[in-house]
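One letter stands for each residue in the lines below.
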Amino acid sequence: MADKTGAEIIVDALEQEGVNVMFGYPGGAVLDLCDALAQSKKIKFVLVRHEQGAAHAADGYARSTGKVGVCLATSGPGATNLVTGIATAYMDSIPVVALTGQVPTSMIGNDAFQEADTVGITRPITKHNYLVEDVATLPRIIKEAFYIARTGRPGPVVIDIPKDVQKAILKNYAYPEKVDIRGYKPVNEGHPNQIEKAARAIEKSKKPLLYCGGGVISSSAHEEVKELSERCEIPVTMTLLGLGSFPGDHPLALNMLGMHGTQYANYAVAETDLIIAVGARFDDRVTGKLDEFASNAHGHIIHIDIDSSSISKNIPVSIPIVGNCKTVLRQLLKVVKPVKHPEWLAQIREWKEKYPLRYKNDDNLLRPQFVVEQIYKVTKGDAIIVTEVGQNQMWASHYFKYTKPRTFLSSGGLGTMGYGFPAAIGAQFGNPDKLVIDIAGDGSIQMNIQELATAVINNLPVKIIILNNAYLGMVRQWQELFYNRIYAFTDLARNIGARHCSKDFCKNRELYIPDFVKLAEAYNALGIRVTSKEEVVPALEKAFSTPRTVIVECIVEREENVFPMIPSGASVKQMMGGMA
Amino acid sequence: MQHIISALVENHFGVLARISGLFSARGFNIDSLAVGETHDPSISRMTIVATGEDRIIEQVGKQLNKLIDVIKVTDMTEEEHVERELLLLKVSHSTKNRPEIIQLVEIFKARIIDYSPKTLTIEVVGTADKILSFIDIMRPFGIKELARTGRIALQRG
Chain E
225 MADKTGAEII VDALEQEGVN VMFGYPGGAV LDLCDALAQS KKIKFVLVRH EQGAAHAADG
285 YARSTGKVGV CLATSGPGAT NLVTGIATAY MDSIPVVALT GQVPTSMIGN DAFQEADTVG
345 ITRPITKHNY LVEDVATLPR IIKEAFYIAR TGRPGPVVID IPKDVQKAIL KNYAYPEKVD
405 IRGYKPVNEG HPNQIEKAAR AIEKSKKPLL YCGGGVISSS AHEEVKELSE RCEIPVTMTL
465 LGLGSFPGDH PLALNMLGMH GTQYANYAVA ETDLIIAVGA RFDDRVTGKL DEFASNAHGH
525 IIHIDIDSSS ISKNIPVSIP IVGNCKTVLR QLLKVVKPVK HPEWLAQIRE WKEKYPLRYK
585 NDDNLLRPQF VVEQIYKVTK GDAIIVTEVG QNQMWASHYF KYTKPRTFLS SGGLGTMGYG
645 FPAAIGAQFG NPDKLVIDIA GDGSIQMNIQ ELATAVINNL PVKIIILNNA YLGMVRQWQE
705 LFYNRIYAFT DLARNIGARH CSKDFCKNRE LYIPDFVKLA EAYNALGIRV TSKEEVVPAL
765 EKAFSTPRTV IVECIVEREE NVFPMIPSGA SVKQMMGGMA
Chain D
322 MQHIISALVE NHFGVLARIS GLFSARGFNI DSLAVGETHD PSISRMTIVA TGEDRIIEQV
382 GKQLNKLIDV IKVTDMTEEE HVERELLLLK VSHSTKNRPE IIQLVEIFKA RIIDYSPKTL
442 TIEVVGTADK ILSFIDIMRP FGIKELARTG RIALQRG
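Line order of the protein sequences matches chains E and D.
Every letter in the first sequence is one number past the one before it in my numbering, and letter 187, counting from 1, is 411.
Every letter in the second sequence is one number past the one before it in my numbering, and letter 88, counting from 1, is 409.
These are calculated hints, taken from the structure and not from any lab test.
Just to be clear, a hint being listed does not mean it is correct.
Stated by the list, open to error - Below 30 Å or equal to it, Euclidean Cα-Cα: the simulated DSSO-like pairs (lysine-lysine) are: (1) K421/E with K265/E; (2) K604/E with K584/E; (3) K291/E with K383/D; (4) K367/E with K451/D; (5) K402/E with K439/D; (6) K367/E with K411/D; (7) K409/E with K393/D; (8) K383/D with K402/E; (9) K537/E with K383/D; (10) K383/D with K421/E; (11) K421/E with K430/D; (12) K383/D with K513/E; (13) K409/E with K383/D; (14) K537/E with K393/D.
Only a predicted model underlies this, so the values are computations on that prediction, with no experimental measurement involved.
One chain only, chain E, in its complex shape (with noise of 0.2 Å):
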């Protein structure tokens, strides 16, 4: 028990939740606290260059260890600079506590110099938000936040410090032990009667089909998973945020579904009877045509999810299990008997074989999914795979194989260009002895590519693949397939004309803006550039084995594309398969 002013506080707390590490921006509205914070032996502060950098880091820091990470800014632009960053935090349910100052009560609503309304702006994009307008009630309100964004289904939690409440003095502190807040109470356990219903569905059932989302990895359930599903023989689908949920190079791994699932994923929901939907949530880029999805198993479906509301929001649910996946999966293993499926089995094997993933690999042509496979084989799968948005992100995930949880960060509800970088500069902080990796594609990687200053500066070995192909390659794919190949304002080259990656324009290195390489040299990083595809090797085991940041530059086939695709809003007949 001690007299403490409210930065000082925020101190302690941070260091009693466990917080070793934080990224973020100061400023007039947050001086106190960085004063603070400056004399706190427990956390490392991680200066970045944007405040949307400390936000991704946050977010990428909490994905990789399962804690809660944390950012800070200071008012008005601050903290809306962290309101892109909190947005996917929020729609991928990342726990993070964000903390903003804010200018003093006395002059909140005048419109004072840097004064926004942080709490009015991210309340549509936080679990829950706070604004501290007396000091006595702020480690009541840390406590909350921090047990907020990690329990229940986690997600990002706002904390509106204004400047008085961080100077003005608290007397006897004390951090409380616990946390009562009676309009949240998290159900884990899920109810026996639905569990029991379950386990007969799941004996009954003929082709029975797991289906992993995020929910699998935040809860740690990809044990449980994994027996259920080798004990009944049930293959198991993954979304794009349930990559490593259960090991990829696994006999009954089908992958990703969805969009830009693969056809034996996609071939194996339309032909399920019964769907097992483990902490995901029939996402329109999962499930396309409502009505035709998993067409065989209308009125079989178990969905196992902590968010009540995630149930039955898209797809009617049959048997619903409100709980923690983790919790409900080992209810469900103490009750559920062995099944076998050879002919079920028989079918995916023989899908698996038929409509491999694919790309035209018998030139001298470098391609972007060429790149990614060579980085699988080069960390022998061992990594930390963190991707922008786009092209780069769906190739990823699909010639990079994830075994393990945490292990691949992806920016999947809101979909953040320029995510990436600085989550993978989060997730090596929280991971200082691992490989470190984020895809990128040429247009994702410069919306924060100043975090390259970060990154340099605390001598992070982060490493950044680019797949250059000059283009908004995603959106371009789209143009080529559904607008007429009228390429609008996707062409990030410098001449609007050329369209096709001859080798004359690959080489055309004036025509590619910026030069990563140079770039990478005027941060003081490590640039390397590939232009064919015997390259590719040497240039990933220099730069894994070089401990310091390195930009890898690889010049792709300009129009390459990403399939197998379902076109939006339409069902797994429509799907464009194999290669480009």
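Using the hints provided, position chain D relative to the given structure of chain E.
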């Protein structure tokens, strides 16, 4: 179908904004919304009347329950309940029609709460149906303005 959703919520600033924001962000329509402190000053009751398919209303309830500041949500429509709404209505009057207005006020068990040379202000308490029919009946006399509280409801027993 119209539903009456009753929510007990924390009585502090920003809660109303959270709830109305939830409705607008998810495209749910609110027919009426009434808020007031309960016998426990730390708790308010919000009574929300909303129209929608059962599936939508179920989703509304789940989304409300997700809000940290929401303590309990009940769909009154599924329960035996009593409901009331208060209407204040200002109508023009003259020596010619005044007796008729006063007679209607009596029939509806309403009350005249303000009298001026040109207008009468009438208070009506009742179900939404009663309020609506009173408004219809007053229309020919020339309604100047009116205010409604929106419905409030409690479970029976």
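Results of checking the hints against the structure:
With a CA separation close to 53 Å, the supplied pair K421/E and K265/E exceeds the 30 Å bound. As the CA atoms of K604/E and K584/E are separated by approximately 23 Å, the hinted pair is consistent with the 30 Å bound. With a C-alpha separation of about 27 Å, the suggested pair K291/E and K383/D falls inside the 30 Å cut-off, and the hint holds. Between the alpha carbons of K367/E and K451/D the distance comes to roughly 49 Å, so the proposed pair goes past 30 Å and is violated.
This hinted pair does not check out: K402/E and K439/D have alpha carbons roughly 63 Å apart, beyond 30 Å. Among the hinted pairs, K367/E with K411/D is inconsistent with the structure: their alpha-carbon atoms are about 52 Å apart, more than 30 Å. With a C-alpha separation of about 11 Å, the suggested pairing of K409/E with K393/D holds against the 30 Å cut-off. Between the alpha carbons of K383/D and K402/E the distance comes to roughly 26 Å, so the proposed pair stays at or under 30 Å and holds.
At most 30 Å may separate the alpha-carbon atoms for a hinted pair to count; K537/E and K383/D meet this at roughly 10 Å. Straight-line distance between C-alpha atoms of K383/D and K421/E comes to about 23 Å, which keeps the hinted pair within the 30 Å bound. Taken as a hint, the K421/E and K430/D pair is broken in the structure, with Cα atoms around 55 Å apart against an allowance of 30 Å. The suggested pairing of K383/D with K513/E holds, with an alpha-carbon distance near 24 Å, which does not exceed 30 Å.
Distance hint between K409/E and K383/D is fulfilled; the C-alpha atoms sit about 14 Å from each other, no more than 30 Å. For the given pair, K537/E sits about 21 Å from K393/D by alpha-carbon distance, which is consistent with the 30 Å threshold.
Going through the hint list in order, the structure does not satisfy hints 1, 4, 5, 6 and 11.
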